[in-house]
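Enquirer: With chain G fixed as given, assemble chain A onto it according to the hints.
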Amino acid sequence: MADSASNGAFVEFDRVQKSYDGETLVVKDLNLSLPRGEFLTMLGPSGSGKTTCLMMLAGFETATHGDIRLGGTSINNIPPHKRGIGMVFQNYALFPHMTIAENLSFPLEVRKMGKTEREEKIKRALDMVEMGAFGGRRPSQLSGGQQQRVALARALVFEPELVLMDEPLGALDKQLREKMQFEITNLAHNLGITTVYVTHDQTEALTMSDRVAVFDDGRIQQLDPPDTLYEAPQNSFVAQFIGENNTLEGTVKEINNGLALIQLDDGELIDAMPVHDSVKPGARTRVSIRPERVEYNKDRIQEGAHTLKAEVKEFIYMGDIFRTRLSVAGNDEFVIKTRNAPDVERLQPGQQIEIGWLPQDCRALDA
Amino acid sequence: MSALPPYATTGQRAWYYSFRVICGLIFFFLIAPIMVVIPLSFNAQDFFTFTKEMLSFDPEGYSLKHYRDFFGNPDWQDALWNSVKIAPAATLISVSLGTLAAIGLSQPHVPFRRAIMATMISPMIVPLIISAAGMYFFYSRMGLAGTYWGVVLAHAALGIPFVIITVTATLVGFDHSLTRAAASMGANPVTTFYRIQMPLILPGVISGALFAFITSFDEVVVVIFVGSAKQQTLPWQMFTGLREQISPTILAVATILVAISIALLTTVELLRRRSERLRGMSPS
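As you go down the protein sequences, you meet chains G and A in turn. Residue numbers are given in our numbering: position 198 of the first sequence equals residue 198, and the series is strictly consecutive. Residue numbers are given in our numbering: position 79 of the second sequence equals residue 79, and the series is strictly consecutive.
Be a bit skeptical, because a hint or two may be false.
[What the hints assert, rightly or not] Quick look at which bits of chain A chain G covers, simulated, 3 or more residues with Cβ under 8 Å: (1) 44-50; (2) 164-178; (3) 194-208.
Hints were generated in silico from the structure; no laboratory data involved. Predicted, not measured: the structure shown is a model, and the values here were computed from it. In this text, a Cβ means the ideal position worked out from N, Cα and C, and glycines have one as well.
Just chain G, same shape as in the assembly:
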């Protein structure tokens, strides 16, 4: 899936820029290519340019600069209705004056398809999302989750090769959202459709995608499969944005044998992986450590781990895990997560403990 050689790419953004007012760039120099069949998520905070990218791909916005290619041909000058791209909108955008079956029939009628063929495809699409019994209803008679399914069926009924989804699960409650995440991923993979999915929900991005493009400030900050993104963030923004993260600030002392020696601001010296290009002796850096990679039970701290003193500020019992907030090296917001097990000690606020982590779990990023 990581193969994105430009000759095998199905969707390609080539040095794309977008500005609405001619001065500030909303999208700055975007390069992205995805192969056929990939499920790619554009993840980022609002205003990061992810929705603009999706709209440019759909044809509702024009790129100020650069080229967008679909199947090798530039689509800059092709109007949206000739691109043949399916789309699911945030508010579903079902036509309120048509029944569900008429909604699904619309893209087929536009393609001058015969009645029997239309009915067959509508039935298949509705069955696919388990909405077969609802063809005669109107959108206003359906619940949010059902409307969501219909919107999905409508985007797929004319069998597009590429489907775009703009935060389609944003309006659903948590339980339904998790169910739909699973269903959408399954459908996309079973049908072999290339999908570009936009969301600001990182859990959604991690659970659904083959690859995630993390957007910030009009640029892709990192483009990687979910596990790489979580375990090996390339910069502070990605480390902070994806999952929970602990940050310690300091200065790089020296780099030896692939490990950076960092002096934290309270004087403590720790080893970390030098990840970011800016990590050079004398430079400021932020060290990122995931909460679940920190141990406090003496017999669980592995050999070679770096240990240091910490004070317990807060201990929260969450059932499957314990979430403990500590004061570490001057940082009062240092969080660790420990799996609930019989041999794990339950801590008290004010308690002095020793924590430890392995240097390879500790990543020195840009300041």
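Expert: Chain A in isolation, oriented as in the chain G frame:
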């Protein structure tokens, strides 16, 4: 209106009752002049006042002679025919142009939207006599004065503001992601307009059409300036009737026009409610 709560002060009580009186007075002044016309139109005499016989509900005092006059008199029949020819044509033009203008002006990227909107609405605000005089001179230069199409165009110009206002109001609630969705499904802009946008803004278009129709059907000032004897419409004939003949036939005509207006409004309102119910929107 809710009932007076037990803790209401004297001031609130006074306002509670005076509010009702004021509302009643407003309705009275709006409706009384029209209601008076209806019984008078059945007057057996050629008077504009109630006769003794009418007030004592003597059947002798009532007759349909003014209605007979309206349907038998060629002057009135020509006028009716002219109105029936002019109003629908003017309505059609108002609706087409007004709807397109409203859709265009609802696009956020159109420059000077407010200024253009104000210009198009101006026929509603400028005193009619000024519009009429202006149209007279303008249409004379173009050879349109005194022609059927001249009157139709003049009435269309008067009707357009109503269509723009009603259609703009429905467009405020229109979800533009619907047109985007249609485009993503392969529908070209024309198909999208007729199959998606038009059905959804139809209630506004119909209300606008109704106002435009009634404007043309009731209009007297502009038609006197722009039209000629060949385009003498019903209101014009009524005006002439008042000035020259003082015939109570105009009371019969007025009654018929009121009846037509009420029927038209009721039909459209019922249709609108039905279509909104079908679409699952709440009737407002």
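Enquirer: Determine for every hint whether it applies to the structure shown.
Expert: Verification of the hints:
| no. | hint | verdict |
| --- | --- | --- |
| 1 | 44-50 | violated (count 0) |
| 2 | 164-178 | holds (count 3) |
| 3 | 194-208 | holds (count 4) |
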